[in-house]
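> What follows is the residue order along each chain.
There are 2 protein chains.
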Amino acid sequence: MTRWLDASEEQVWRDFLQVQRRLEVSTGQQLAASGLSTSDFAVLVVLSDVPEGRRRAFELGRELQWEKSRLSHHLTRMQRRGLVLREDCGSDRRGAYIALTDVGRTALEAAAPGHVEHVRSRVFDVLSASQVEALGEICTALLASLPPSPPPAPAQECCSPDE
Amino acid sequence: MTRWLDASEEQVWRDFLQVQRRLEVSTGQQLAASGLSTSDFAVLVVLSDVPEGRRRAFELGRELQWEKSRLSHHLTRMQRRGLVLREDCGSDRRGAYIALTDVGRTALEAAAPGHVEHVRSRVFDVLSASQVEALGEICTALLASLPPSPPPAPAQECCSPDE
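Sequence lines, in order, name chains U and V. Counting from 1, one number per residue, gives the positions in the first sequence under our numbering. Counting from 164, one number per residue, gives the positions in the second sequence under our numbering.
If you are wondering where the hints come from, they were derived from the structure by calculation, not from laboratory data.
Not everything, but these chain U residues come out facing chain V in the computed CB check (under 7 Å):
| id | residue |
| --- | --- |
| 1 | 65 |
| 2 | 113 |
| 3 | 127 |
| 4 | 131 |
| 5 | 139 |
A few chain U residues that don't get close to chain V, going by computed Cβ distances all over 12 Å:
| id | residue |
| --- | --- |
| 6 | 54 |
| 7 | 76 |
| 8 | 103 |
Keep in mind that this is a model prediction, so the values were computed, not measured. Glycine residues also receive a C-beta, built at the ideal position from the N, C-alpha and C atoms.
Make the full structure from the sequences, and use the hints.
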């Protein structure tokens, strides 16, 4: 017996999808002015989150929720543009590090002010303080019901069973 | 002077992005069991929304927030699989209709129960009634600040200035 959505739930769900679609497009258009795609920007943000500016490929994939092949292809393109660098780990079998380059950090720093202004004007300026708080609680609840998708264990990146 | 997000706004924004990423992946995985991608499903839903089961290409693009080329390529693939049909409009210059086929409607009807159960269990079961209401109000506010991106006028699809 399917538990269909009632009319108001359906409306909320459709509006939620539409918000995501419009945010994706408007964010992409805004970032394009800085020569970055939304995907580029997301990778750079995740790398810049740690002081050393580099993370394991599988950590990036888990954070971005990208499949290995999508991640790999995108990182190859970013590496060609000098935004990131793949660093082999030698004897460490947990896979390559992806490191932010100076070019990547500069590109991120150049794009960030415009991006943040865009997010602020389209999202945070539009919501009341209590709505922002409610949105935070809603997201926390949803994240608890939506486990991250690619397996979090580094074993996927590893070619040896004795890790 | 950049109006940076404060720590709690930044957390809300990151969680919101992470919710979108995880929902996209989990929805895609769930729909794959029915042989449809998230994009296929979205197109079929938009077409099935109207009693006649067909809409102008530009209307589809506006609803899905897809660029013309993405829409066109995806519809070509769906047409090959028999899910939709392009119908020329003859003298009408507002562009082609995209119509749901019987195969497309059957595929949608077969996928819908599992999809709705997924959305219900991951989203609506997890939120309180007041959170669902708050989410609806938040989405309404955000949609007002995010105009649909592709120009809504059918002129883009049209090759004549005397439309």
